[in-house]
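Participant: In case you want the letters, here they are:
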Amino acid sequence: MLKLTGITKRFGSLVANDHIDLEIREGEIHALLGENGAGKTTLMNILYGLYAPDEGTIEWKGQPVQIRSPSEAIALGIGMVHQHFKLVPVFTVAENIILGKEPPGFKLNMRQAIENVRKLSEQYGLVVDPEAKVESISVGQQQRVEILKALYRGAELLILDEPTAVLTPQEVEELGQIMKSLVAQGKTIIIITHKLKEVLQLADRVTVIRRGKKIATLDTAGQTEDELAALMVGRRVMLQVPKGPANPGRVILEVQELNAVNQRGLPAVRDVSFTVRAGEIVGICGVDGNGQTELVECLTGLRRAKSGRILLNGKDLTHMNPGQIRAAGLGHIPEDRQRRGLVLDFTMSENVVLGSQRQYASWGVMNMRRMTALAQEIIKAFDVRPPEPSYRAQSLSGGNQQKVIVGREITRNPDLLVAVQPTRGLDVGAIEFIHRRLVEERDAGKAVLLVSLELDEILSLSDRILVMYKGQIVAEVPAHEATEEGLGLWMAGGGGARA
Amino acid sequence: MPDKAKSWVKEAVETVTVPILAIFVGLLVGTVFILIAGADPMEAYKALFKAVAGSPRAIGETLTSTTPLIFTGLAVALAFRCGLFNIGVEGQYLVALMASALTGYYLHLPPVIHALVALAAGGLAGMLWAAIVGVLKAYRGVHEVINSIMLNYIALYFTHYLLMYYFREPGNRAAATPFIQETAKLTKGLIPGSRLHTGIFVALLAALFVWFFLWKTPQGYEIRAVGLSPGAAEYAGISVKRNIILAMAISGLMSGLAGAVQTLGVSYKFYEQMGFIGYGFDGIAVALLGRNHPVGVIFGALLFGALGQGSGAMQAAAGVPKTVVWIVQGTVVFFVAAESIWKFLRRRRVKAEVKTA
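Protein sequences appear in the order of chains X and B.
If you're matching positions, the first sequence starts at 5 in the numbering used here and goes up one per residue.
If you're matching positions, the second sequence starts at 254 in the numbering used here and goes up one per residue.
What the hints contain is simulated information worked out from the structure, not anything from laboratory work.
Ideal placement from N, C-alpha and C gives every residue a C-beta, glycine not left out.
Take these hints with a grain of salt, some might be off.
[To be verified] Label pairs and their computed distance ranges (CB to CB):
(1) B:Ala306 to X:Gln87: 51 to 61 Å
(2) B:Phe411 to X:Gly368: 31 to 41 Å
(3) B:Ile594 to X:Arg389: 29 to 39 Å
Work the whole structure out from these sequences, hints included.
Facilitator: Printed below as a string of structure tokens:
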């Protein structure tokens, strides 16, 4: 159906696509797999007419074509659903779908439009209310609107860019059903992803791209996550962190009856009590927005608790500021690495002393030599690239930015390390590295509190798992007894069910 | 190392290219208006140049008008490094004019010491005036632009009130304080025939101080961290409030020194102010031209000092309205600002491309 030959695209000195060949068969679900920055999205943007390729040809249904703009792509029957939806929030679903391709006639026939949308949504099993405002429907439903938008424009080939990034596990399941029904009705689908599990779960065939080059195209049947990961990264990777049993020691962190409110003054953390011991990783899982952020902010001094106590090594931190808490022995890998973890305009040398800048001054003057030495130490120990202390943090990739933060916090040698979403948006190589370092910290006798929305991460790292739901800890499960389904039930508020 | 040196040179060249181009474009636009005014551009620019650098005296005068602009440019730049827009330089300058005129007149101290004390009094007055802005911002959340503009008017009328009711020299038809003591005056005669005084050295020292403070001390590090990323500063245990107040205070110190050197080096008294003099507002343009870096501020101040100094001569010699010079100034600022906007947009585009790649 579609054949790309020798597609090459350069951005300055960066070769984003290097002679990529890709063949898509009619009626298949084809996954484009690669790490962040491998060139998947660039390739699809070329296909969708957003970029012009520097070299290479595109054949559509046997005919060579030039796609100069998205409207030309749409005219050919190619539709794209971007990772970040392009919808008008205050418009209804139907209005969004017909936007730019309204039914003919001077007066907009909204009844007709709604009817068309309803028919389309029934035909493909994409259940969504055409008259609901887009801002009031869930993210999963917004995605369906985007798909309907493409179908309404007559798409035969659908490109979905990282479609699962914003979905809950249940919604991913539903998306899989939708994709199957689309294919059954003669559509062809390309999904762009870096998640291995989804490739195997959703796609028929997969093309792996690494650093702008096509590595292989394979049938997904018979493949394993490990093999795909190796192709994607270029070497064997450990998806499961090797980890011995924990040796919990004395209590490092003790939280007693903690209560806190969120930005809007509503209770966000409710009567939370737990402990973290030396030499163990305690994982807190939960659906986003169930009080995890507020809990961490209380622990790190960024938010005032309403009541309750937080003890670190027996010392009361409840009313301390972030600086005092850091000094008391808490390291914090924050949720938002660009807004909290780093000053993006600072160099690496400046960023590695963030939070301990006063200790790197002698006689009132910043000691550049010691700062650079620390930066070099972290660069070496945490494999930060490029290894250049004078580089600004903003010129590093997300993975390397995170390594600088993790390196800084671990090198400070805190008794308790609070890691929030430590691997969000990172590629497999960086995830593996950071997971290993967290386990090493545990084995070195540190207490680690891991807060993550990724169940896989919680399950593979934690020794004990706490589930947060509506501000409360609703379950505590030893890691070896925990299952994804059990935790999922607790996370959805299914109190009483066994984890 | 050679690589690093090369990139440093490259960065420096890139940094100055646009302001220099902007100056040329500014002069070009000025030419158009001179023609519209019916004068000969060559004549006008010749007169301008002669007044700016045509003789030792002219150079001295140019440096004299550059001096307060270095301070006010530094004041704006320093606040900006903490993410604050200090529009109150004008008011901080005014209270300092008054403070140094009073200490210069009423105190009786040995030479040098008296000048230093009066200088400090001006600096301190500006510092306190700006600290009010910082405190209101930090603890009450009042936007610094709003409250510093309001404090400008309070400063204008407050000093006017003090002058008229308490410190006006009796028997003098012009409303002004008495002349300061000889001991409080800054030494002049650095270039014979011009009013250039030692305040220029104080200004250069201040630039050195600001550079050292921002980039070499932990306090400067914290101020820059707050300016670039309040979220990260808070995370790192750096008090955003404390640094806002501190940055405003030091910014005000610079504004205050601007006022002090004007009193102690040029006017020798506080005379009735009919409105704002404009050194504070020019400081914003100077900081912008200098990219909020002390070295850049010195050059920006030099440009504005020169244009301001030469405009009168141009009017007298070539019959070109003074306002043409303001058009030149405006054009230069416009193009430098436009470049920042362009750079910002380009960086966003590059980022977007890298992201999607």
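Participant: Is it true that Ala306 of chain B and Gln87 of chain X lie within 51 to 61 Å of each other by Cβ?
Facilitator: Given range 51 to 61 Å: holds, Cβ gap about 58 Å.
Participant: Verify the CB-CB distance for Phe411 of chain B and Gly368 of chain X against the hinted window 31 to 41 Å.
Facilitator: holds (36 Å)
Participant: Measuring from beta carbon to beta carbon, are Ile594 of chain B and Arg389 of chain X in 29 to 39 Å?
Facilitator: holds (32 Å)
Checked against the numbered hints given earlier, this structure breaks none of them.
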